[in-house]
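Chemist: Now for the letters of each chain:
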Amino acid sequence: KAGVTQTPRYLIKTRGQQVTLSCSPISGHRSVSWYQQTPGQGLQFLFEYFSETQRNKGNFPGRFSGRQFSNSRSEMNVSTLELGDSALYLCASSLDGPNEKLFFGSGTQLSVL
Amino acid sequence: DQQVKQNSPSLSVQEGRISILNCDYTNSMFDYFLWYKKYPAEGPTFLISISSIKDKNEDGRFTVFLNKSAKHLSLHIVPSQPGDSAVYFCAASAIRSSGSARQLTFGSGTQLTVLP
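From first to last, the protein sequence lines stand for chains S and X. Under this note's numbering, the first residue of the first sequence is numbered 25, with each subsequent residue one higher. Under this note's numbering, the first residue of the second sequence is numbered 10, with each subsequent residue one higher.
Fair warning: there could be bad hints in the mix.
[To be verified] Across the chosen pairs, the derived CB separations fall in these ranges:
{"hint": "1", "chain 1": "X", "residue 1": "I62", "chain 2": "S", "residue 2": "R87", "range": "39 to 47 Å"}
{"hint": "2", "chain 1": "S", "residue 1": "F93", "chain 2": "X", "residue 2": "S61", "range": "31 to 39 Å"}
{"hint": "3", "chain 1": "S", "residue 1": "T62", "chain 2": "X", "residue 2": "S83", "range": "23 to 31 Å"}
The set of hints was computed from the structure by calculation and includes no laboratory data. In this text the structure is predicted, and so the values were computed from the model without any measurement. Quick reminder that beta carbons are idealized off the backbone N, C-alpha and C, glycines included.
Let's have the full structure, built from the sequences with the hints guiding it.
Modeler: Here's what the structure looks like:
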């Protein structure tokens with residue numbers, strides 16, 4: 025069974041640009057979550073999608089948005105990029121259920137110059 | 010406001026000895042706890058979990074202990090192996106009134122180095 029796939033692996037953008045990251049979950053997983061990892065901050069929850077609906081949202085500004093398609097694939101978009109958005113963005117998928125574990129992709133490393 | 014804290018950014022242990030990684034939390038609503046391991050250039054991988062109705066869960070060389078009164082959990086690795094060298098993240102979640110809980114709150118991680 026293929027794991028969680030994230031593309032692209034690396035991205036370099038400049039301030040003010042926008043970026044779209046893609047995530048393909050494990051087959052059969054309908055829940056997709058996004059996390060931001062920065063040094064010393066651990067993983068910060070961005071949002072979670074289930075059946076094309078945003079179910080949970082973290083404490084990030086409106087510049088961060090996402091969506092999920094009918095095949096459970098998900099995208100996240102960051103508009104008007106800031107230097108502080110430089111981070112590793114991780115996508116995770118899971119079966120639904122309160123204690124189902126998350127399976128993470130390798131992430132997209134975003135650098136904003 | 011960090012609800013899950015890993016106060017040791019790094020830990021070095023000799024091969025064959027015990028590694029103990031610690032995690033504290035402040036939110037009394039958390040009722041499910043997990044440990045993830047992360048190698049460089051890879052996403053975190055699930056290691057072990059524990060529900061708040063238990064105080065210990067064991068899986069091979071890995072044991073997680075939960076002390077609810079102290080809001081503290083720890084991961085014990087015995088014996089430690091060089092391949093265990095990685096960043097370990099503690100995470101917690103709470104059941105939401107709206108249904109399934111899929112929001113994990115992570116600590117900042119502890120870099121474990123197992124010396125041969």
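Chemist: Give a verdict on every hint.
Modeler: Results of checking the hints against the structure:
1. A hinted range of 39 to 47 Å holds for the C-beta pair X:I62 and S:R87, which are about 40 Å apart.
2. A hinted range of 31 to 39 Å holds for the C-beta pair S:F93 and X:S61, which are about 35 Å apart.
3. In this structure, S:T62 and X:S83 meet the distance hint of 23 to 31 Å, their C-beta atoms being roughly 25 Å apart.
In this structure, none of the earlier numbered hints is contradicted; all agree with it.
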